[in-house]
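> One letter stands for each residue in the lines below.
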Amino acid sequence: DAEITQSPRHKITETGRQVTLACHQTWNHNNMFWYRQDLGHGLRLIHYSYGVHDTNKGEVSDGYSVSRSNTEDLPLTLESAASSQTSVYFCASSEPGQGRDTQYFGPGTRLTVL
Amino acid sequence: QKEVEQDPGPLSVPEGAIVSLNCTYSNSAFQYFMWYRQYSRKGPELLMYTYSSGNKEDGRFTAQVDKSSKYISLFIRDSQPSDSATYLCAMKLTGGGNKLTFGTGTQLKVEL
Numbered sequence: 063d064a065e066i067t068q069s070p071r072h073k074i075t076e077t078g079r080q081v082t083l084a085c086h087q088t089w090n091h092n093n094m095f096w097y098r099q100d101l102g103h104g105l106r107l108i109h110y111s112y113g114v115h116d117t118n119k120g121e122v123s124d125g126y127s128v129s130r131s132n133t134e135d136l137p138l139t140l141e142s143a144a145s146s147q148t149s150v151y152f153c154a155s156s157e158p159g160q161g162r163d164t165q166y167f168g169p170g171t172r173l174t175v176l
Numbered sequence: 022q023k024e025v026e027q028d029p030g031p032l033s034v035p036e037g038a039i040v041s042l043n044c045t046y047s048n049s050a051f052q053y054f055m056w057y058r059q060y061s062r063k064g065p066e067l068l069m070y071t072y073s074s075g076n077k078e079d080g081r082f083t084a085q086v087d088k089s090s091k092y093i094s095l096f097i098r099d100s101q102p103s104d105s106a107t108y109l110c111a112m113k114l115t116g117g118g119n120k121l122t123f124g125t126g127t128q129l130k131v132e133l
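Listed in order, the protein sequences are those of chains H and V.
The first sequence begins at 63 in this note's numbering and counts up by one.
The second sequence begins at 22 in this note's numbering and counts up by one.
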C-alpha cells in the first residue's frame with residue numbers, strides 16, 4: 063500500500079544545531095507540503111513543492127529550507143534550530159487535478175529544541 | 022484576525038449525542054471545504070470534502086457550507102467514543118494551487 067513516512071518520529075536537539083527531518087511518500091504525488099502544528103495555531107504551512115526542483119515558501123518559512131531532488135522525498139532542514147521551532151512537524155502529499163485535493167499526512171515528527 | 026476561525030474546545034459530549042462543529046472564515050474566495058480528523062499523536066486524515074455551498078452526508082457525518090455567511094459545519098450523529106479526536110476544518114481557494122488553510126482544530130471527547 064502507498065504511504066507517507068516521516069523520520070525520525072522524535073528528535074531532541076540543541077539550539078544552533080542544524081536538523082533535517084525526512085519525508086518519503088510512495089503515492090507518486092507531485093505535491094508535497096510541510097506543516098508545523100502548535101497549540102492555538104493549528105497547522106501552519108512552512109514550505110511546499112509542486113514537483114521536482116520546485117519549492118515555495120509558506121506562511122512560516124523563516125529558519126527552514128527544503129529541496130526536492132526526486133518525486134518521493136521532501137526533506138525539511140532547520141538551518142540553526144531555535145527554541146521557537148519546538149513543535150510537531152507534519153509532511154503531506156497530494157496529487158493535482160483530482161478535484162478532491164486530498165492531502166495525505168504522515169505520522170508527524172515531534173521536535174524539541176533545548 | 023485569522024482567515025479561518027475555529028473554537029478550540031475541548032467539547033465533551035455523552036455517547037449518542039449529536040455533535041456540531043463549526044468554522045467561520047473571512048475570505049470569500051474559498052471554494053473548497055474539508056474536514057480532517059486527527060487522533061492523538063497521529064496525522065490528520067480527510068473526513069469530508071465539499072465544493073461551494075450545500076450539504077454532504079456520509080454515514081453519521083454531515084458537512085454543511087453556507088457561503089453567504091462564510092460558515093461551515095460538521096455534524097456527527099449518534100456520536101461514539103471512537104469519534105473522540107481533534108477535528109480541523111480546511112479550505113482552499115479556486116486557483117490557489119493545492120494549498121490548504123486550516124482552522125486551529127476542535128478537540129472532541131465522547132464519553133460513555
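If you are wondering where the hints come from, they were derived from the structure by calculation, not from laboratory data.
Among the clues, some could well be false.
As the list claims (entries may be wrong) - Label-pair ranges, simulated between beta-carbon atoms: (1) H:Ala84 / V:Pro35: 38 to 44 angstroms; (2) V:Asp99 / H:Lys119: 41 to 47 angstroms; (3) V:Ser49 / H:Leu176: 26 to 32 angstroms.
Think of the CB as a built atom: it goes at the ideal place given N, C-alpha and C, for glycine as much as any other residue.
> Each hint should be assessed against the structure and marked as holding or not.
Against the structure, the hints:
no. : hint                                   : result
1   : H:Ala84 / V:Pro35: 38 to 44 angstroms  : holds, 42 angstroms
2   : V:Asp99 / H:Lys119: 41 to 47 angstroms : holds, 44 angstroms
3   : V:Ser49 / H:Leu176: 26 to 32 angstroms : violated, 44 angstroms
In this structure, the one hint that does not hold is number 3.
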